[in-house]
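Novice: Given next are the chains, with one letter for each unit.
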Amino acid sequence: EDQVTQSPEALRLQEGESSSLNCSYTVSGLRGLFWYRQDPGKGPEFLFTLYSAGEEKEKERLKATLTKKESFLHITAPKPEDSATYLCAVQAVEGGADGLTFGKGTHLIIQP
Amino acid sequence: EADIYQTPRYLVIGTGKKITLECSQTMGHDKMYWYQQDPGMELHLIHYSYGVNSTEKGDLSSESTVSRIRTEHFPLTLESARPSHTSQYLCASRTGTGNEQYFGPGTRLTVT
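If you read the protein sequences in the order shown, they are chains Y and F.
Quick note: the first sequence, position 100, residue 100 per the numbering used here, numbers continuous.
Quick note: the second sequence, position 83, residue 1083 per the numbering used here, numbers continuous.
None of these hints come from the bench; they were simulated from the model.
Take these hints with a grain of salt, some might be off.
[As the list claims (entries may be wrong)] If you want the footprint, here are the derived chain Y segments under chain F, 3+ residues with CB under 8 Å: (1) 28-35; (2) 56-69; (3) 98-111.
No residue lacks a Cβ here, since even glycine has one placed at the ideal position from N, Cα and C.
For reference, chain F alone in the conformation it holds in the complex (with noise of 0.2 Å):
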């Protein structure tokens, strides 16, 4: 069973404002993912993260980034947030050698 921790879990916030989603995970894993998911769509990647220091822009363009200082911590931040950052965001990690990808409960963003 996958420990992996998402805060806050929903979020409604006014436009131009300063965002900062948590993710946390408690198995040591070096692997973490930022996925985003829009009602009915698709989970695109948009960050990822091999370990500490390590951030890379995943296959979905997003203006949010992300840093990773600690192993078990790989938050996202929006600087500016906008009506169309209104969304699902899903946190995942894995072990380096298992491929499958545990999945964070999710945090669901509506700007205002």
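One chain only, chain Y, in its complex shape (with noise of 0.2 Å):
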């Protein structure tokens, strides 16, 4: 069965206190690996998909980051509206469904 297991759940950092955000999963063969953002109340926000080890992306003040068996969200500097609950989730090779397997996110606040 997959699983995504994140850490920590919640996590308050001051403005500019750079941070890491982890994702360890088990998964029987990984198609991909996402990074969205979800504001209260809101849909997730896609941010990342990773496909293989070594593989990184950035965006603005996030980069992503995958290995064999976990993934790094590293915030470099945040601001106040980076605030939001950050969900990692995966997507095996086989299987019935498609869908995503999503861990229960790590909720981040950036105080000014």
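Once you've looked at the hints, go ahead and assemble the two chains, each given alone in its own frame, into the complex.
Specialist: Right, here's the structure in full:
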């Protein structure tokens, strides 16, 4: 069974204080690992897709990296508008449904 | 930018009522999905469709049903709502080639 575990559950940072969010996963065969941002009361917003170990992607203050067992979302010099819940999800190569298996997310708060 | 819409955004309804949650997308995506998300919990796949007249059940058992008569439209129906159906329902879609899913804003359903 595919599983995704995210840590920490919640993280409070000062504006400008860089940090990393962790996503550990187990999947029979990884088709892709996805990062989303979700604001309260809204649907998840797509950020990145990673396909193979060693791959990295960047967008503004965010950088996602992937190894064979985990992914990190690095946040550099965050601003209050980066506050949100960040979700990690995996898609397996095999299986009947090609939906995503999600983690519970990391609730990030950036204080001014 | 994805264009996927869900209505209503919020719904409070009594036990035993029949309800239909609407989802539509203007991108011509073949694949569409319904996820259920309880507060602070993971998204769980409940239904998916690969195209017109294709519907399948997802990983999480649900008493809801879906239909796909038109490419752009993927409604979810509950024949008799119960308090246990209280949750947020999120619709998503993707192209046949790209792996990332794009989400709508969600419908928050409360059954009293």
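Novice: Give a verdict on every hint.
Specialist: Hints and how they fare:
Interface restraint, the segment 28-35 of chain Y with chain F: holds (3 residues with C-beta to C-beta distance below 8 Å; minimum three). Residues of the segment 56-69 of chain Y with a Cβ under 8 Å from some Cβ of chain F number 0, which does not satisfy the need for three, so the listed coverage is violated. Counting residues of the segment 98-111 of chain Y whose C-beta sits closer than 8 Å to any C-beta of chain F gives 8, which meets the bar of three, so the coverage hint holds.
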